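J.: Please arrange chain W on chain P, whose structure you already have, making use of the hints.
Which chain is which? The protein sequence lines are P and W, in order.
Residue 1 is where the first sequence starts when you use the numbering used here, and the numbers rise one by one after that.
Residue 1 is where the second sequence starts when you use the numbering used here, and the numbers rise one by one after that.
Because the hints were derived from the structure by calculation, they are not lab data.
A few of these clues could be false.
Now the in silico label distances, taken between C-beta atoms and shown as ranges [what the hints assert, rightly or not]: (1) W:Ala11 / P:Ser214: 52 to 62 Å; (2) P:Arg205 / W:Gln103: 21 to 31 Å; (3) P:Arg195 / W:Leu157: 22 to 32 Å; (4) P:Gly203 / W:Leu157: 21 to 31 Å; (5) W:Ala281 / P:Asn176: 51 to 61 Å; (6) W:Glu156 / P:Gly31: 38 to 48 Å.
Below, in silico cross-link-like pairs of lysine-lysine (DSSO-like), each with a Cα-Cα straight-line distance of 30 Å or less [unchecked claim]: (7) W:Lys82 / W:Lys112; (8) P:Lys226 / W:Lys82; (9) P:Lys226 / W:Lys112.
As the structure is a computational prediction, the values presented were derived from the model and not from experiment.
Note that CB positions come from ideal geometry on N, CA and C, so glycine has one too.
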Amino acid sequence: MRGGGDSKDGDVVDFPSRLVDFCGLLRAEHGFRIGPAEMRDGLRAVELVGIEDPERVRDALRLVLCGSQPEVAAFDRAFDAFFLGGAGGRPQPRQAFRAVAAEAPPRSEQRSKPSPGRTPKGGTAQREPDDSEPALGRRVSLEGDAGEASARTLRAQYSPAVSGGGEAHVDREARNAMLAAAGRLVAGVRLGPARRWRSQQNGRRFDLRRTLRSSLGTGGDPMVLKWLGHPPRSPRFAVLVDGSRSMAEHATMMLAFAQALTRRTSRARVYLFSTELREITRDLRRLEKGAERLDGLREAWGGGTRIGASLQAFVRGAGGRALSDDTLAIVFSDGLDAGDIDQLRGAMRAIARRAAAIVWLNPHSGVPGYEPTARGMQAALPYLRLFAPATDVASMEALAKTLAGRLWPATRRPLQRARTP
Amino acid sequence: MTVEGIRERFAQQGYIAGESFSTAFELMLALEKPLLIEGPAGVGKTESAKALAELLETRLIRLQCYEGLDAAAALYEWNYPKQLLRIRLTENETASAEAREAQIFSEAFLLKRPLLEAIVQDRAPVLLIDEIDRADEAFEAFLLELLGEFQVTIPELGTVRARHRPAVVLTSNRSRELSDALRRRCLYLWIDYPDRAREVAILQARLPGINARLAGQIARFMEFLRGEPFQKVPGVAESLDWGLALVRLHRDALDDEAVEKTLGCVLKVQEDWALFHSLRARYEPLLAEGNDRDAGPVEPDFGLGSVRARRG
Numbered sequence: 001m002r003g004g005g006d007s008k009d010g011d012v013v014d015f016p017s018r019l020v021d022f023c024g025l026l027r028a029e030h031g032f033r034i035g036p037a038e039m040r041d042g043l044r045a046v047e048l049v050g051i052e053d054p055e056r057v058r059d060a061l062r063l064v065l066c067g068s069q070p071e072v073a074a075f076d077r078a079f080d081a082f083f084l085g086g087a088g089g090r091p092q093p094r095q096a097f098r099a100v101a102a103e104a105p106p107r108s109e110q111r112s113k114p115s116p117g118r119t120p121k122g123g124t125a126q127r128e129p130d131d132s133e134p135a136l137g138r139r140v141s142l143e144g145d146a147g148e149a150s151a152r153t154l155r156a157q158y159s160p161a162v163s164g165g166g167e168a169h170v171d172r173e174a175r176n177a178m179l180a181a182a183g184r185l186v187a188g189v190r191l192g193p194a195r196r197w198r199s200q201q202n203g204r205r206f207d208l209r210r211t212l213r214s215s216l217g218t219g220g221d222p223m224v225l226k227w228l229g230h231p232p233r234s235p236r237f238a239v240l241v242d243g244s245r246s247m248a249e250h251a252t253m254m255l256a257f258a259q260a261l262t263r264r265t266s267r268a269r270v271y272l273f274s275t276e277l278r279e280i281t282r283d284l285r286r287l288e289k290g291a292e293r294l295d296g297l298r299e300a301w302g303g304g305t306r307i308g309a310s311l312q313a314f315v316r317g318a319g320g321r322a323l324s325d326d327t328l329a330i331v332f333s334d335g336l337d338a339g340d341i342d343q344l345r346g347a348m349r350a351i352a353r354r355a356a357a358i359v360w361l362n363p364h365s366g367v368p369g370y371e372p373t374a375r376g377m378q379a380a381l382p383y384l385r386l387f388a389p390a391t392d393v394a395s396m397e398a399l400a401k402t403l404a405g406r407l408w409p410a411t412r413r414p415l416q417r418a419r420t421p
Numbered sequence: 001m002t003v004e005g006i007r008e009r010f011a012q013q014g015y016i017a018g019e020s021f022s023t024a025f026e027l028m029l030a031l032e033k034p035l036l037i038e039g040p041a042g043v044g045k046t047e048s049a050k051a052l053a054e055l056l057e058t059r060l061i062r063l064q065c066y067e068g069l070d071a072a073a074a075l076y077e078w079n080y081p082k083q084l085l086r087i088r089l090t091e092n093e094t095a096s097a098e099a100r101e102a103q104i105f106s107e108a109f110l111l112k113r114p115l116l117e118a119i120v121q122d123r124a125p126v127l128l129i130d131e132i133d134r135a136d137e138a139f140e141a142f143l144l145e146l147l148g149e150f151q152v153t154i155p156e157l158g159t160v161r162a163r164h165r166p167a168v169v170l171t172s173n174r175s176r177e178l179s180d181a182l183r184r185r186c187l188y189l190w191i192d193y194p195d196r197a198r199e200v201a202i203l204q205a206r207l208p209g210i211n212a213r214l215a216g217q218i219a220r221f222m223e224f225l226r227g228e229p230f231q232k233v234p235g236v237a238e239s240l241d242w243g244l245a246l247v248r249l250h251r252d253a254l255d256d257e258a259v260e261k262t263l264g265c266v267l268k269v270q271e272d273w274a275l276f277h278s279l280r281a282r283y284e285p286l287l288a289e290g291n292d293r294d295a296g297p298v299e300p301d302f303g304l305g306s307v308r309a310r311r312g
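This is chain W alone, in the form it adopts within the complex:
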């Protein structure tokens, strides 16, 4: 699949991909290497894996990492209660010990967790290992082994080899430094906040009801906010929330009142609100002038976006 093809199909999924982004997925599929995506919170790291699964028309298997994640929760576990029950039920049968053993250690008694699930699929799935930085270092080492070989050895069953290599996407918020070994095994992609044009495209792709001017204003405002020293810098997720809120409130442009009412969609720390209000002089021009400078045609999108659209 070519880069253009990938980008187009991403767009069909409502995911606007940049050039380097599409190249990353193309290479990842061609080289069969895992892709490690880093970037600030809310730039669409997780979303990209979902979109990838959609466009490959395959299953997305997600492993959310957390502190204390271990092999039993990530790989497989025997279903002990079921095994015990089966032993009880078959106590009076005359089957040989070996036969009974083989029975309770068969696949029917195996609880497959995401990693094992991903390598026994009939069709190569997308395996999303989300927020790998939250798992312990020990788990990272364990993961390395799997990503290298794509096989799992279960003592009672034997070695399970991947029928099809899953496309692996790892994401990290950089709350912890990942090991060099893991980084070396992966392709590395850094996603930053989108530029203004791309943000507008994202808003329009995700919120079909939004009018072009409002999208442009939101994108410009976001660009301004991301340049300021907030504790929680708003990501793309926030601008989508914001856009949706404004559309629901039937606003067709950003003004003081609208910003005040919906500020909670964008800034989520109390100190950030205080800082924001102290920057009033700097963001005010974005509200006032924005109305005219961006002036695309005013679209009377009745019922969807705005009831305040001016006529003429």
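Chain P on its own, in the form it takes in the complex:
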């Protein structure tokens, strides 16, 4: 009885095993992290609020099973579909839950079995045991059909809908050089002192506790004085890569650099945009673990260029978490914006206000005779701390060198408008 829905009278299933199935669905299809402890709490919560009112059951389960705002929306949809038969009423695949059900803690099920008087709310909802589409199958496809890909290139996939398919190659040759450049950038950027106190030889605040502790060694006389000081801030990075068609040949280089950056610091976030914006930090990490391509980029790769709208989306959404006084924002684009220039200006202003500094990398600015005359470039220039070329590993090295050792928030004036490295 533990794992399944084979109750005595056919289609009425006891609530605990329904819940276990539901948790399994959330885990398999939506990537929720639900363990036995959460299931137990979920059952206790439902026990407390009763199962007469589906709204309250949903409220209670949402509190226990969700952990972030995106999960809340996914949860509500899944709950409606699973327990209330939802709008689509898509029957749930059965076999995906078998393993999950077996893991569930049997004790809690016994404890919180619904009283016989109550009929479980979703008990009679439709549920075909042998639906053909396995829930887990969809997840595997993320790892990609890697087989044929050569070991020397990482691949990013164009959105077929926008650009007619094709693949971008992230060159692995320059990998080590990229890692070195990224490491140098991470180590080099100076943001000034952090707010916290650390033991420091030449600190400026007297550390009574450590002084007393060290005085034990000298018979209780404080011979060695200890001091506290502020350690340097460690920088965060927000890398925004233009993945539009006009940038395609350069974007792969930048993606390789961004990937190197995510390896060198855990405080880097990478976004790719073309006509829409997408965070690809996790995807880059997955490449590291052996996946061969960036998948599911949709409108963020290989389409037209809407820099203003994409940056605006960044500021409103993900930027809230990615930007801080410690953040160095790196934008990689040619500034050829097909959208509204005022939008770009507004977004740049918002980023400039919330980040420590903005660096704009343009693949063309190293070309002799280049002038930043593109409308988008003109709009962005006033907000940049540094405008520099970026075409290959050497230019990234040069960038790291230029940025090294500057006190970012302290001096708000532009460094230089470098045209050549």
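T.: Okay, now just chain W, sitting in the frame of chain P:
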């Protein structure tokens, strides 16, 4: 305590709680798990913890997080100057070394910071850990340990166990991604901006002098503002400020002049003002029509709200 009971008592505190909100507090008290509240700025996350403490008739212990918050500022610290002084004063006494040691490492020399304070209360308090996203990741890890066990080990004193588990409320503005471990340990509640009816209820609960029409207009206007791409979207705190300002200025309805005069209560970034003025065509109907469409009875609330109330 039932949901209805909780909601009613929240209302008595001037805090209008939604259904899922009351369920959250009920479950939090029943399951004895911390509650993590996220949501945009100014929707009453902190306020809810205060109201909870009031309705449980218990103490609110607040830990405001900031960058660089460490264990000494959050948990406990020995009062070194006092200890040194005591050693000096008792130098000539004949008490044994152990006795003197026990004396200076007793509770009287311990400076209790909010987290320790919260677990030694005689009555379970409400512990509010405010803006946890501002603290460092390291502090978050440290906090996890405490939230799991509710005990603190002080090497010189021994382990202090919570006499009563405090009701823990954490709030976050999402300026940083919190760790999965922390999220898993908590119940999660997302509070969004209230809908119009709820906003009116909040305005009326918090500003007893406000008339129903003005409250309705403010709520409608706020609904409009929150749909626009402002840099700082006004929250409930802003609409309360605004309502108070309008009441103080003896306005009984929103009109052009009133909005201009009090715009600073609502929009707090210069670019937002510019955007707002460019939206004039869209908000104008809210001012003109609002006077009649919402037309509740005009209450002549002499002295409190308005001196411009029409008669008849």
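J.: Determine whether the Cβ-Cβ distance between Glu156 of chain W and Gly31 of chain P falls within the hinted range of 38 to 48 Å.
T.: holds, 46 Å
J.: With a cut-off of 30 Å on the C-alpha distance, tell me whether Lys226 of chain P and Lys112 of chain W pass.
T.: Answer holds: Lys226 of chain P to Lys112 of chain W is near 24 Å, not above 30 Å.
J.: Quick check: does the Cβ-Cβ distance between Gly203 of chain P and Leu157 of chain W fall within 21 to 31 Å?
T.: holds, 29 Å
J.: Tell me if the beta carbons of Ala281 of chain W and Asn176 of chain P are separated by a distance inside 51 to 61 Å.
T.: holds, 58 Å
J.: Regarding Arg205 of chain P and Gln103 of chain W, is the given constraint of 21 to 31 Å on their beta-carbon distance met?
T.: holds, 28 Å
J.: Given the hint that Lys226 of chain P pairs with Lys82 of chain W, does the C-alpha gap stay at or below 30 Å?
T.: holds, 19 Å
J.: A range of 22 to 32 Å was offered for this pair. Does it hold for the Cβ distance of Arg195 of chain P and Leu157 of chain W?
T.: holds, 29 Å
J.: So if I understand the rule, the pair passes when the alpha-carbon distance is 30 Å or less; does Lys82 of chain W with Lys112 of chain W pass?
T.: holds, 14 Å
J.: If you check the beta carbons of Ala11 of chain W and Ser214 of chain P, does the distance land in 52 to 62 Å?
T.: holds, 57 Å
In summary, this structure violates none of the numbered hints.
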